[in-house]
Amino acid sequence: MAKHDTPMLDELEKGPWPSFVTDLKRQAETHPECWDILGQLELSYEDKITHWKHGGIVGVFGYGGGIVGRYSDVPGRFPGVEHFHTIRVAQPSGMYYSTENLRALMDLWDKYGSGMTNMHGSTGDMILLGTRTENLEPLFWDLTHDLKQDLGGSGSNLRTPSCCLGESRCEWSCYDTQDICYALTMHYQDEIHRPAFPYKFKFKFSGCANDCVAAIARSDFAVIGTWKDDIQIDQAAVKEYVAGNYSVNGGSHKDGDWGPFSLKKEVIDLCPTQCMWMEGEELKIDNSECNRCMHCINVMPRALRPGKEKGATICMGAKAPILDGAQFATMIIPFIEVSKENEYENIIDVIERIWDWWMEVGKNRERVGETMQRVGLPTFLSIMEVEPIPQHIREPRSNPYVFWKEEEVPGGFERDIVAFRKRHAA
Amino acid sequence: MAMSKEEVEAAIIEKAKKAPKPQLYIKDFYKCAPDMKPRQIKNIANKLVQKGELMFWSSGSTTMYARPDRIKDEEGSEGVN
Numbered sequence: 456m457a458k459h460d461t462p463m464l465d466e467l468e469k470g471p472w473p474s475f476v477t478d479l480k481r482q483a484e485t486h487p488e489c490w491d492i493l494g495q496l497e498l499s500y501e502d503k504i505t506h507w508k509h510g511g512i513v514g515v516f517g518y519g520g521g522i523v524g525r526y527s528d529v530p531g532r533f534p535g536v537e538h539f540h541t542i543r544v545a546q547p548s549g550m551y552y553s554t555e556n557l558r559a560l561m562d563l564w565d566k567y568g569s570g571m572t573n574m575h576g577s578t579g580d581m582i583l584l585g586t587r588t589e590n591l592e593p594l595f596w597d598l599t600h601d602l603k604q605d606l607g608g609s610g611s612n613l614r615t616p617s618c619c620l621g622e623s624r625c626e627w628s629c630y631d632t633q634d635i636c637y638a639l640t641m642h643y644q645d646e647i648h649r650p651a652f653p654y655k656f657k658f659k660f661s662g663c664a665n666d667c668v669a670a671i672a673r674s675d676f677a678v679i680g681t682w683k684d685d686i687q688i689d690q691a692a693v694k695e696y697v698a699g700n701y702s703v704n705g706g707s708h709k710d711g712d713w714g715p716f717s718l719k720k721e722v723i724d725l726c727p728t729q730c731m732w733m734e735g736e737e738l739k740i741d742n743s744e745c746n747r748c749m750h751c752i753n754v755m756p757r758a759l760r761p762g763k764e765k766g767a768t769i770c771m772g773a774k775a776p777i778l779d780g781a782q783f784a785t786m787i788i789p790f791i792e793v794s795k796e797n798e799y800e801n802i803i804d805v806i807e808r809i810w811d812w813w814m815e816v817g818k819n820r821e822r823v824g825e826t827m828q829r830v831g832l833p834t835f836l837s838i839m840e841v842e843p844i845p846q847h848i849r850e851p852r853s854n855p856y857v858f859w860k861e862e863e864v865p866g867g868f869e870r871d872i873v874a875f876r877k878r879h880a881a
Numbered sequence: 685m686a687m688s689k690e691e692v693e694a695a696i697i698e699k700a701k702k703a704p705k706p707q708l709y710i711k712d713f714y715k716c717a718p719d720m721k722p723r724q725i726k727n728i729a730n731k732l733v734q735k736g737e738l739m740f741w742s743s744g745s746t747t748m749y750a751r752p753d754r755i756k757d758e759e760g761s762e763g764v765n
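Protein sequences appear in the order of chains A and B. Okay, so the first sequence: first residue is 456 according to my numbering, each after it adds one. Okay, so the second sequence: first residue is 685 according to my numbering, each after it adds one.
Keep in mind that the hints were calculated from the coordinates and are not lab data. Quantities reported herein were computed from a predicted structural model and do not represent experimental measurements. Hints are supplied without guarantee of correctness; some may be wrong.
Unchecked claim - Listed below are several chain B residues computed to face chain A (Cβ distance under 10 Å; list not exhaustive):
id, residue
1, A686
2, M687
3, W741
4, S742
5, Y749
To be verified - Under the rule of at most 30 Å between Cα atoms (straight-line distance), these lysine-lysine pairs were calculated in the BS3-like manner:
id, chain 1, residue 1, chain 2, residue 2
6, A, K709, A, K720
7, A, K765, A, K719
8, B, K702, B, K731
9, A, K818, B, K699
10, A, K508, B, K711
11, A, K818, A, K795
12, A, K763, B, K699
13, A, K603, B, K699
14, A, K503, A, K480
15, A, K720, A, K694
16, A, K765, B, K731
17, A, K719, B, K715
18, A, K508, B, K721
19, B, K702, A, K765
20, B, K756, B, K701
21, A, K508, A, K709
22, B, K731, A, K469
23, A, K860, B, K689
24, A, K720, B, K705
25, A, K719, B, K731
26, B, K701, A, K508
27, A, K603, B, K756
28, A, K818, B, K735
29, B, K731, A, K508
30, A, K818, B, K705
31, B, K715, A, K566
32, B, K735, A, K508
33, A, K603, B, K735
34, A, K503, B, K711
35, B, K689, A, K508
36, A, K508, B, K705
37, B, K701, A, K818
Built from N, CA and C at the ideal position, the CB exists for glycine as well.
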């Protein structure tokens with residue numbers, strides 16, 4: 456494969472920033488097909504249209520996910536990218552790798568593919584970019600038999616679950632994110648490897664509301680650690696922060712000149728629910744008003760800690776734009792216990808309730824968040840068997856969110872919808 | 685009377701043979717067995733893939749089902765049986 460003239464791409468090598476063009480040129484020294492990626496991309500810049508064809512019937516036997524077919528629509532000019540399939544490999548929980556494992560993965564990919572990777576894709580798994588159809592089965596054999604790793608999810612499957620590093624390194628984690636991520640990955644092997652749903656479905660597990668895997672923005676089913684009782688306060692440590700003896704934010708901003716720490720300015724005044732105040736030298740918190748934003752805990756980790764009665768909040772329905780715009784997940788279950796003792800039975804129960812409903816009601820290519828929006832929150836809550844609470848509502852003081860059904864009112868009531876619609880058009 | 689698994693398999697294959705478009709969503713098979721839960725139908729459709737009666741077609745974001753003899757792969761061959 457010959458080099459191509461790429462004057463527009465070459466512009467992207469200028470300036471102080473890392474350049475994928477430079478990376479591709481370096482990679483092309485050992486994998487010449489990378490010249491054809493550059494050539495095809497330059498052509499796309501000229502034509503202002505992609506020259507990739509997306510999708511197809513490629514895969515490995517028995518799996519309905521993990522491989523995304525990709526082909527060039529100008530293979531005569533760029534034979535190196537005639538086939539350029541993507542492979543998704545399930546990442547370890549918390550993305551912990553040994554260097555030995557990473558080297559083995561790269562050796563495998565050098566053997567069967569372009570050597571290009573994306574660490575990691577937005578679902579969370581490793582993305583291996585660019586191989587030919589005939590390499591898929593041998594690669595899959597080596598991946599599963601030698602490296603003991605598996606493909607991730609794609610298509611209308613359960614996507615590769617992902618989690619933050621949780622209790623392995625983080626003192627704020629309210630449950631063992633890595634354990635539940637692994638347990639549910641094993642529990643739902645069929646749903647990960649074979650299509651099951653109207654569209655994709657993602658789980659993400661964050662140990663606390665800092666939400667380091669952005670579960671609330673990126674997953675259909677976000678399990679975000681929280682606590683039921685009061686934030687734990689060490690008043691002696693509060694005094695040390697005020698006196699400037701402890702570094703704020705665990706020392707992460709210590710190299711900047713931020714001036715002396717002000718508890719009022721940097722913590723109390725920034726509390727979104729204004730639930731903190733000082734009484735003399737003591738910090739007080741009205742925990743009933745706390746919305747678990749984590750800001751105060753982040754700023755003063757030696758003085759404040761999450762409560763002791765820990766569990767998770769379940770939010771549902773986040774997605775990137777496809778039919779409608781992007782949306783964050785909606786809080787559905789404010790607190791649920793997360794326990795490996797019961798093998799996460801209560802979480803599995805919630806997951807399967809939503810799946811059974813969505814598989815029946817969801818339209819083709821409709822994310823569960825879009826189905827929720829279509830039927831409305833009151834209907835969705837009743838399907839999930841969750842009682843509405845003010846926290847489900849953006850403006851509970853002005854939104855009359857309690858709707859009585861006829862059978863719930865003693866004696867019932869009658870209403871004439873036709874007459875009502877004459878006065879209030881739908 | 686509820687349909688047997690074999691009857692549902694036959695109905696799904698028939699649907700995949702006669703549908704105007706070769707690629708079908710899993711929901712397209714629900715009507716083949718109205719009394720069955722969607723997850724059961726999904727399991728039967730996936731078993732038919734293992735038997736070679738159906739195959740997956742994936743766009744990357746969505747996966748559909750097709751009869752192998754009705755689908756043309758991107759590499760140019762008609763059918764893949």
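Cross-check of the supplied hints:
Interface restraint check: A686(B) against chain A, minimum CB-CB distance 17 Å, threshold 10 Å, status violated. A least Cβ separation of about 18 Å between M687(B) and chain A goes past the 10 Å threshold, and the interface hint is therefore violated. Using the Cβ-Cβ criterion of 10 Å, the hint placing W741(B) at the interface with chain A is satisfied: the shortest such distance is roughly 5 Å. Taking 10 Å as the C-beta cut-off, the interface hint given for S742(B) holds, the closest approach to chain A being about 4 Å.
For the restraint placing Y749(B) at the interface with chain A, the shortest Cβ-Cβ distance is roughly 8 Å, inside the 10 Å limit, so the hint holds. Proximity of K709(A) to K720(A) is assessed by CA-CA distance (about 17 Å); at most 30 Å being required, the pair is judged to hold. Under the criterion of a C-alpha separation no larger than 30 Å, the hint pairing K765(A) with K719(A) is consistent with the structure, at around 28 Å. For a cut-off of 30 Å, the pair hint linking K702(B) to K731(B) stands: about 20 Å separates their Cα positions.
Restraint check for K818(A) and K699(B): the C-alpha separation of about 19 Å stays at or below 30 Å, so the hint holds. Taken as a hint, the K508(A) and K711(B) pair is honoured in the structure, with Cα atoms around 25 Å apart against an allowance of 30 Å. Between the alpha carbons of K818(A) and K795(A) the distance comes to roughly 34 Å, so the proposed pair goes past 30 Å and is violated. Under the criterion of a C-alpha separation no larger than 30 Å, the hint pairing K763(A) with K699(B) is inconsistent with the structure, at around 56 Å.
For the proposed pair K603(A) and K699(B), the alpha carbon gap of about 39 Å is over 30 Å, so the pair is violated. Between K503(A) and K480(A) the alpha-carbon distance is near 22 Å, which keeps this suggested pair within the 30 Å criterion. As the CA atoms of K720(A) and K694(A) are separated by approximately 16 Å, the hinted pair is consistent with the 30 Å bound. Our distance criterion of 30 Å between C-alpha atoms is broken by K765(A) and K731(B), whose separation comes to about 41 Å.
Of the pairs offered as hints, the one joining K719(A) and K715(B) is violated, with about 63 Å between alpha carbons and a cut-off of 30 Å exceeded. Restraint check: the Cα-Cα separation between K508(A) and K721(B) comes to about 35 Å, which exceeds 30 Å; the hinted pair is violated. Between K702(B) and K765(A), the direct Cα distance comes to roughly 54 Å. Violation of the 30 Å bound is thereby established for this hinted pair. For the proposed pair K756(B) and K701(B), the alpha carbon gap of about 14 Å is at most 30 Å, so the pair holds.
Note on K508(A) and K709(A): the hinted pairing is violated, with a Cα-Cα distance of about 49 Å set against a maximum of 30 Å. For the hint linking K731(B) to K469(A), the alpha-carbon distance of about 53 Å lies beyond 30 Å, and the restraint is violated. Distance check on the hinted pair: K860(A) and K689(B) sit about 40 Å apart at the alpha-carbon level, beyond 30 Å; violated. In summary, the hint linking K720(A) to K705(B) is not supported, as the alpha carbons are separated by about 63 Å, beyond the 30 Å threshold.
For the proposed pair K719(A) and K731(B), the alpha carbon gap of about 63 Å is over 30 Å, so the pair is violated. As the CA atoms of K701(B) and K508(A) are separated by approximately 26 Å, the hinted pair is consistent with the 30 Å bound. Our distance criterion of 30 Å between C-alpha atoms is broken by K603(A) and K756(B), whose separation comes to about 33 Å. Among the hinted pairs, K818(A) with K735(B) is consistent with the structure: their alpha-carbon atoms are about 28 Å apart, no more than 30 Å.
Between the alpha carbons of K731(B) and K508(A) the distance comes to roughly 29 Å, so the proposed pair stays at or under 30 Å and holds. For a cut-off of 30 Å, the pair hint linking K818(A) to K705(B) stands: about 18 Å separates their Cα positions. For the hint linking K715(B) to K566(A), the alpha-carbon distance of about 46 Å lies beyond 30 Å, and the restraint is violated. Of the supplied pair hints, the one linking K735(B) and K508(A) holds, its CA atoms being roughly 28 Å apart against a limit of 30 Å.
As the CA atoms of K603(A) and K735(B) are separated by approximately 26 Å, the hinted pair is consistent with the 30 Å bound. Distance restraint check for K503(A) and K711(B): the Cα-Cα separation of roughly 36 Å exceeds the 30 Å cut-off, and the hinted pair is therefore not satisfied. For the given pair, K689(B) sits about 37 Å from K508(A) by alpha-carbon distance, which is inconsistent with the 30 Å threshold. A threshold of 30 Å between alpha carbons decides the hint, and for K508(A) with K705(B) the separation of about 20 Å falls inside it, so the pair holds.
Our distance criterion of 30 Å between C-alpha atoms is met by K701(B) and K818(A), whose separation comes to about 23 Å.
Going down the numbered hints, you'll see the structure goes against 1, 2, 11, 12, 13, 16, 17, 18, 19, 21, 22, 23, 24, 25, 27, 31, 34, 35, while the others check out.
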